[in-house]
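Residue numbers (this note's numbering), protein chains in the order written: chain A, 541 to 1053; chain B, 541 to 1053.
Honestly, the hints are just simulated from the structure, not real lab data.
Just so we're clear, the structure is a prediction, and the values are computed from it rather than from any experiment.
Wrong hints could be hidden among the right ones.
Stated by the list, open to error - List of simulated lysine-lysine pairs, DSS-like, C-alpha gap at most 27 Å:
1) Lys751(B) with Lys751(A)
2) Lys751(B) with Lys848(B)
3) Lys1044(A) with Lys1021(A)
4) Lys572(A) with Lys596(A)
5) Lys780(B) with Lys780(A)
6) Lys809(A) with Lys780(A)
2 protein chains.
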Amino acid sequence: MNISKIFGWFFCLTITGVGSHAQFKDPRPKRKQPNIIVFLVDDMGWQDCSVPFRDKLTVSNKRFRTPNMERLAREGAKFTNAYAAPVCTPSRVSMITGMNAAHHGVTNWTSPQKGVNADAADNELLPAPWKTNGFSPVADVPNTVYATPLPQLLREAGYFTIHAGKAHWGAIGTPGANPYNMGFMVNIAGHAAGHPQSYLSEENYGNMSGKATVQAVPDLEEYYGSGTFLTDALTREALKALQEPVRRRQPFYLYLAHYAVHTPLQADKKYHQRYIDMGMDEAEARYASMIEGMDASLGTVMDFLVSKNIADNTVILFMSDNGGLSLAPPRGGLPHTQNQPLRAGKGSVYEGGIREPMLVKWPGVARPGTVVPQYVMIEDFFPSILEMAGVQLYDVVQQVDGRSFVPLLESPATADSARALIWHYPNKWIPEGGPGINYKSAIRQGRWKLVYDQRTQSSELYNLYDDIGEQQDLATRYPEKAKILRTMLSHQLQQWNAPMPILKSTGKSLPWP
Amino acid sequence: MNISKIFGWFFCLTITGVGSHAQFKDPRPKRKQPNIIVFLVDDMGWQDCSVPFRDKLTVSNKRFRTPNMERLAREGAKFTNAYAAPVCTPSRVSMITGMNAAHHGVTNWTSPQKGVNADAADNELLPAPWKTNGFSPVADVPNTVYATPLPQLLREAGYFTIHAGKAHWGAIGTPGANPYNMGFMVNIAGHAAGHPQSYLSEENYGNMSGKATVQAVPDLEEYYGSGTFLTDALTREALKALQEPVRRRQPFYLYLAHYAVHTPLQADKKYHQRYIDMGMDEAEARYASMIEGMDASLGTVMDFLVSKNIADNTVILFMSDNGGLSLAPPRGGLPHTQNQPLRAGKGSVYEGGIREPMLVKWPGVARPGTVVPQYVMIEDFFPSILEMAGVQLYDVVQQVDGRSFVPLLESPATADSARALIWHYPNKWIPEGGPGINYKSAIRQGRWKLVYDQRTQSSELYNLYDDIGEQQDLATRYPEKAKILRTMLSHQLQQWNAPMPILKSTGKSLPWP
């Protein structure tokens, strides 16, 4: 329990009639509470854009077209070593709680159905006792992690808090299903499902009478049949919700969490043909069109900020929740090649499953064109955003694991090779498995990364500086390094009491690393 | 076009950290902007409560149990001659625009499907050119009425605006489908549908995979499977949304428009058995249980206001959108007897279809226990609520027909027998017809009410003071009175260019009355 006192912000809003403007009367005149936008993409890989997150343009960078990400990178900071969990709910819970996935225990994606374990069946192992119902802002809900959510703290600090897009924090029938329970004041289209039934207005985003599943996207009836791709409908609704706080100059927190680019892969027609003409296969052309549509949304948001004259006081944080999907089909090409030069993709603790395209623009703090090589993690968003909001002390029920990356925006050359990042996936994602997929943990410290297989209790060691593709296992060559990292990983997992799979034959948990 | 200048309210909100309170700094120190709650029930009849809206308790008053309506009536004003349109969308559009239904042209309930005319087919008549797609806050949407919506004006005046429950202003695929386009900042469960697929959390309010229809209620996943009746889930969500404006003392407008007590009639188990034990048939027992559940919601809201110490600065307006359903089945008993002593029910221009249980509590303005006999109409809510909010001049694109009833709260004995109220239903609601149902208009002035049949072009005349049941047609006895009222009705309908049914044989509209 980390109980501390809150230091609130004081400010004064003068509201007048239509068309007039409010004035800030800030007793701390040097710094206003900035508006904050988290622009979160689903299942987008590190290379799925035209922004080079390596030192030079890759083949992927030349295939994908994301001019607005380029613009954001030019105007802000590019994090070249940003990480998330291998699948989505763990990352989303980490962002909203500030906790590492091994600590909060929501280690796998959550089924929309309460009490349903999303793990695939295994011959030898029973599921780990992970939090199958996800995150809960209320105590004592079975199989959930209880924590104080970020939007609630921002709302209490005076922010107008808006949720638009995918929520996927908790199961139907629990408080975690509902963004209104997280401190959001507005919710557009967020619920318990992890992907949309359809991106197409022609299919009412899934809401066809008698055909709707739990993935049918709520709240967008206005757009049914209008030819509006889901990404665009969410963008328009998000900007609509921004009108009110912008009008009266209340600082806002917009969490715009696109359903794109998760499956089902459906063409965004405005962009699709160009990729077909480039010679991409149908699946990849659809995917690329969804990427470009997502990027167009980013541009629309940025243009809105400029038009309202608030771009200079708005932080934009761009992030994805896990690596790009590398199962093929549904993706095109050969399986597990889509995130090259990284190895594997979503579901894996190899870099392809966890490394993310992260950008942060904070005018006046991060200089345009900044590059931040220091590694950061999805749980770092929690303390970072609170620091941006001027919330210096806060009262939360959980122990926050993340560290603010605000100092990195100010001093991007700062290097900390002592920090250790942890991934822990004691789950079975897909029956067939794949590289780095199912029952894996990993730790990164400096250049070194250890990948641990929970079932076989074996380790691999990689030097990411020389071998970002994790092709050369150095565990035999550097046994001492491997041992140190494995011990660090083990200690940290024990300290967090991280869930571990259970061996059917003994009924006991697999050993710590 | 009624273009006038806006006189905005000026006030100052001081927002501090958690748990602290804001102070109003109102340059007009004698009057604060009150919080305003519209508590709108669907399809509730004038007699479906234990509050006597006649001079004495009726049989119905003794059957139904609504202690919180009794409490509201004790604490505020009871309007004994309050009216709405015979079906729901016209009333809802009147409330949000201030226009009479004959004027705004949304004379029938709107299908959730764009371009679908909800009128039943007729051998002789083609549908009137009414606004089949409902209300639109945006110009130039086909088959809609464009107007400036009430919540938008309230938001612009500084209110935190919340929608919870049934919206049903416009068709899917138009802006009217979405409460966010009306000026609401929060929307809970409101969309294009006019009734819920289910009231039961056990059926996910309709959202069962592959079984959901367009009437499946959105936004309530948290409550699925929890045993929470829809009415209670909406109430809880509404109060959740109120936390924020209450915390920082921003005036709020809560439009809590229950889906209850519209069909499907489903038992609210907390109350159902009592009515079975009283000897009611199953349908009526279910209906009565839904009424009692709705009343319990009112009590919960009133208790919330007391607990937050804001009851004294909160206006509560209780209303229904049309008369009680008198089709049986689905209601129990003999058809068209459920609203006795009134004649007929929903869909009819007889009193049973249009007379409503209306209560208004405004502490410090309306004395406790006030009774207001002056007749008022659903479109009066628009200017009344704006007056309550201190919005004295406003800029709207429509001509407002309603009149503020605020003076009646202050001086309840005021009588105006010169005002004429108009009903106009140039539509076919049900194939089989019924008393006062299909292709009817009506006008009330003072004690007199004329009912006009558009198809037969015949009139009936009633003296409501002596004959609230509309049993004695006095048209032959008082031909001059009938003629005057018919002329007034005709002139007003012509002035509004009210839609009229079209005779198939000629292709021309039926004549004005």
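Hints versus structure:
1. Lys751(B) with Lys751(A): holds (7 Å)
2. Lys751(B) with Lys848(B): With a Cα-Cα distance of about 41 Å, the restraint between Lys751(B) and Lys848(B) is violated, given a limit of 27 Å.
3. Lys1044(A) with Lys1021(A): Violated. Lys1044(A) to Lys1021(A) sits at ~32 Å, over the 27 Å cutoff.
4. Lys572(A) with Lys596(A): Violated, because 37 Å separates the two Cα atoms, which is more than 27 Å.
5. Lys780(B) with Lys780(A): holds (22 Å)
6. Lys809(A) with Lys780(A): holds (24 Å)
Hints 2, 3, 4 from the earlier list are contradicted by this structure; the remaining hints agree with it.
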